[in-house]
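> Use these hints to put chain B onto chain A, whose structure you have.
These protein sequence lines are chains A and B, in that order.
Quick note on numbering: the first sequence equals residues 1 to 553 in the numbering used here.
Quick note on numbering: the second sequence equals residues 1 to 553 in the numbering used here.
Treat the hints as calculated values from the structure; they're not laboratory data.
Check each hint, because a few of them may be wrong.
For identical chains, the list gives no copy identity; a pair is met inside one copy or between any two copies.
[To be verified] With a straight-line Cα cutoff of 20 Å, these simulated EDC-like cross-link-like pairs (lysine to aspartate or glutamate) come out:
1. 470 x 489
2. 470 x 483
3. 467 x 278
4. 492 x 171
5. 13 x 460
6. 64 x 46
7. 470 x 103
8. 470 x 3
9. 180 x 30
10. 21 x 187
11. 320 x 351
12. 55 x 107
13. 21 x 175
14. 467 x 103
15. 470 x 491
16. 470 x 356
Protein chains: 2
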Amino acid sequence: MVDFWPRHAELLKSAVDAASKRIYWSPYPEIPSPSAYGETAKADGEAEFKALLGKPFELGQPGKSRVGKEISPFGLELNVSYEAAPVDEVILASSKAANAWADADVEARVGVCAEILQRLNKKSFLIANAVMHTSGQAFPMAFQAGGPHAQDRGLEALAYAYAEMTRVPSEVRWEKPQGKNEPLRLDKTFRVVARGIGLVIGCATFPTWNSYPGLFASLATGNSVIVKPHPAAILPLAITVRIAREVLTEAGYDPNVVMLAADELDSPVTKALATHPEVAIIDYTGSSTFGAWIRREAAGKLVYTEEAGVNSIVVDSSPKFKAMCDNIAFSISLYSGQMCTAPQNIYVPADGIETDEGPKSFDDVASGIAAAVDKLLSDPVRAAGVLGAIQSDATLERIGDARKLGKVVRDSSPVPGPNGAPSRTMTPIILAVDAKDEQAYLAERFGPIAFIIKAATRGDSISRAAKSAKQHGAITAAIYTTDDAKLQEAEKAFAQAAVSLSVNLIGGIFVNQSAAFSDFHVTGGNPAGNASLTDTAFVANRFRVVAVRRLAA
Amino acid sequence: MVDFWPRHAELLKSAVDAASKRIYWSPYPEIPSPSAYGETAKADGEAEFKALLGKPFELGQPGKSRVGKEISPFGLELNVSYEAAPVDEVILASSKAANAWADADVEARVGVCAEILQRLNKKSFLIANAVMHTSGQAFPMAFQAGGPHAQDRGLEALAYAYAEMTRVPSEVRWEKPQGKNEPLRLDKTFRVVARGIGLVIGCATFPTWNSYPGLFASLATGNSVIVKPHPAAILPLAITVRIAREVLTEAGYDPNVVMLAADELDSPVTKALATHPEVAIIDYTGSSTFGAWIRREAAGKLVYTEEAGVNSIVVDSSPKFKAMCDNIAFSISLYSGQMCTAPQNIYVPADGIETDEGPKSFDDVASGIAAAVDKLLSDPVRAAGVLGAIQSDATLERIGDARKLGKVVRDSSPVPGPNGAPSRTMTPIILAVDAKDEQAYLAERFGPIAFIIKAATRGDSISRAAKSAKQHGAITAAIYTTDDAKLQEAEKAFAQAAVSLSVNLIGGIFVNQSAAFSDFHVTGGNPAGNASLTDTAFVANRFRVVAVRRLAA
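Extracted from the complex, chain A is given alone in its bound form (with noise of 0.2 Å):
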């Protein structure tokens, strides 16, 4: 029986003070360098990988049927299965696991799930191949977005919410004055309870980024958790219950206070999950149709989402025409468009913008545009490391779909996939419309399509991309402007749509990044979700405080 705590009590310390500085931090290098992570990391992850291929994958839970038909995007078909149990039986085995769990000490909780998080990053190359496989991210993306930097979204939930439950005093002496005779003498101590089961359900882009938060954050906070893998991204998020099950394990608890509930496509199991009364907890990451669904069936219960929205970029002047161009590219291309970051929509005033190269039309930005993102994915291997793959049919079918949703400024065409071989790769379709074609452009168009849409005025741009945020959600937007005054009218606006707006990005900094412990992502105030990750909120309902209180001595 390990206590993990006096191994990473310095590490939750800093943590907590990068959180609460917003300052760039991590512990987990992003490179995936030998020198960071050993001269034979890469070569041992993808053997650990190709290990797993076609067998059985074994977690020790309960469950004698077998799931599992996942298909990379690049082709492969991994042929894992995994544990399957009736759900009641699942949530017998997480309850009956939750109350030595409970009764722990908030040290020692914390101190396992950090442990879970460095044995995570020590795996960053296993995961890496999972996330890609699955997920269709290009390796260096997988490798950074399922790896490092979702264990870094991982810590700062852990962060928060060690913070959180250490803010209370374990134990007061309470005095009250009663004027000329003796006071009032309490000795109160406080206790975190959990509130139950915490029910983390994963997407399949982003299966380990999106799901450590609410994994980290119900589990320190005392609550048994159940992992809902995404049918088509399961193995990234079993191999990470492995590891918390095997922590778990070493420290004394059952392994059952980390559970994997992994289903299929034509027998899902999460409705049965989210409406079981045992569960207290939900995070979610997908759909807004099955998002209001949940909202709705588990009123009641907490419940965390990230949902879909319609990311904004208006571009209302420039001071730096070519690496605005460039800039955009990027972010429309990276991952084909399939982060919830990345931009869809990029308002453009019908009268063109002032450029450092002067004035410059609507049509100019567009092909501007549609140039840079050509000259990007001019060459094929460097094309294929920044679109990946697209993750699903239905994505690719959406592709095709777009064509007559506006002028096509720039086609989609196929990409081969890494070392050339077949993968569902495609550029990105860039469409021009006009503003007043909402139908087109006001709905999340998953994946690599992008829409350039002629605003009246620019001061249109802005008012129509903030109340679009407002109403149909977004968890990013961005402005490039000359103009002070535009840009405070920016601020407002997107402010009052609670979205973050990022400010004429050019170089190696783009929207659709999201920084652990400095940037919030998702605000929790449109529709793309109703939390952040992280903050106080997103942590301190997942606890409750009781007192027990006597007569001082």
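Using the frame of chain A, we list chain B on its own:
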């Protein structure tokens, strides 16, 4: 346009400090003494109250019609009428007022809130009269609970809101190393944004105490607030709203940032307000039936509730039998059991208990408590002071109906009001029941109704009381025991039921009492309510944080 922040900055610092330490602290004197409130304060408050009677109460809100039919439980018809407007008109005025309020600096808003609290404190005698003649509380409680203690709870919520909003830095330089290259540098600003309209739904028994936390938490975080009082207890909140509007006006804001939405029992407006799309936050105190309706129909909004519960005392053994009986007698008598913290169910083992006076049988304990109630209420003047009046006719009827629920150990009887005036005042009824008669005692019997429950064993007492809290809700629990093992068993059982536990209280401290800055009122973890007054979870989601980031120069 007054900036009230400088006047209250020190107060907020002290309040944040007290809340984090959970020590005794209060800036508002709880004794209605001339030295604290001025020589003429008592007479002035009563005169001011009387001057309001029989007249329209002016707030300067939109609304051409008038509502209000309050009748004092002590017999007085208030004949005060309040402005009323269609719900859409109220919402429109509130929304219109909200923008400038949401845009104000955190400190500006917190300063306004603290000033409102200070002026409420100065009007404590007026408010005490208004609370007394709506809730039926005797004057001393109406003063303390309706005045300074309610103000404490408001300040506590304000302190949490202030601490939470200022936890995120307003700006940061983010600097990410890039190996040998220049670091990536972003300048980020963070701003607090409001959610929408906060609706505060008051109750008839503690119109101010239960409303102030939600009112000040929503207001401080930038939301406009509509206060919907119980139709039987409008005046205390109308006075509160008037003071808030005065301060808002002096500070340069639209007074409609805080509005009153009074109604009458036969034409209620609560459902229309609660389901209005502009209402983002609801604070509700009241029945579980209507609470369930709100939680269901307002799903997706932020809903904070305090609902019904069944509070228990476990009598396991007693080191001071007489003092225990006196303490319990006071707890069930105070304000006629109409406190949400009042005990209803007293579990006693069938075999009796060990005490400092030797063994006591089940019947000895029951008659000991009954005798202590008799003694406490033997003097009619003191009885009136302890009991106050029954707030509603429904509670009065409930006492009569209770007679058939068990063996009457002590019957209820009428008591004349203060100064012998006619009053709806009744002493408590105490019934003995067997633990198996769950239909009798496992529901909230709101009012001066207590059950002595014969449990099979000492362990049975604890497990039944804890299970009752978990299933039916409880805001308080108490145990009397000399046995450390049983105490530990109880601490664990009640913690799992998420109810705080008071141990062996005697003398001047009672299970009913809940002190701001130290006791978390309601845990939020059982059916008696989904939120706690006041903790971080109560405030953290009432605002969101929006960032702007740009490349550093």
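> Each of the hints needs a verdict: does it hold here or not?
Against the structure, the hints come out as follows:
Only within a single protomer do residue 470 and residue 489 lie at most 20 Å apart by alpha-carbon distance; the minimum there is 16 Å, versus 51 Å between protomers. Taking CA atoms no more than 20 Å apart as the test, residue 470 paired with residue 483 passes in neither setting, with 24 Å inside one copy and 59 Å between copies. In this assembly of identical chains, residue 467 and residue 278 lie within 20 Å of each other by CA distance solely across copies; the values are 15 Å between and 39 Å within a copy. When the C-alpha separation of residue 492 and residue 171 is checked against a cutoff of 20 Å, the pair qualifies only between copies, where the shortest distance is 16 Å, while the shortest distance within a copy is 44 Å.
In the homo-oligomer, the alpha carbons of residue 13 and residue 460 never lie at most 20 Å apart, since the shortest distance is 46 Å inside one protomer and 44 Å across protomers. In this assembly of identical chains, residue 64 and residue 46 lie within 20 Å of each other by CA distance neither inside one copy nor across copies; the values are 29 Å within and 75 Å between. For the homomeric pair residue 470 and residue 103, the shortest alpha-carbon distance between copies (17 Å) is at most 20 Å, but the shortest distance inside one copy (42 Å) is not. Proximity of residue 470 to residue 3 under the C-alpha cut-off of 20 Å is found in neither arrangement, the shortest distances being 47 Å within a copy and 32 Å between copies.
Taking the shortest alpha-carbon separations for residue 180 and residue 30, only the inter-copy value of 15 Å comes in at or below 20 Å, while the best intra-copy value is 65 Å. Taking the closest pair of Cα atoms, residue 21 and residue 187 come within 20 Å of each other only across two copies (13 Å); inside a single copy the shortest separation is 35 Å, beyond that limit. Taking the shortest alpha-carbon separations for residue 320 and residue 351, only the intra-copy value of 19 Å comes in at or below 20 Å, while the best inter-copy value is 87 Å. For the homomeric pair residue 55 and residue 107, neither the shortest alpha-carbon distance inside one copy (37 Å) nor that between copies (60 Å) is at most 20 Å.
Taking CA atoms no more than 20 Å apart as the test, residue 21 paired with residue 175 passes between copies only; the shortest distance there is 12 Å, against 35 Å inside one copy. In this homomeric assembly, residue 467 and residue 103 come within 20 Å of each other (Cα to Cα) only across copies, at 18 Å, whereas the closest approach inside a single copy is 47 Å. In this assembly of identical chains, the alpha carbons of residue 470 and residue 491 lie at most 20 Å apart only when taken from the same copy (14 Å versus 47 Å across copies). With identical chains, the CA atoms of residue 470 and residue 356 are never at most 20 Å apart, being 32 Å at best within one copy and 67 Å at best between copies.
Figure legend: structure checked against the earlier numbered hints; hints not met, in rising order: 2, 5, 6, 8, 12, 16.
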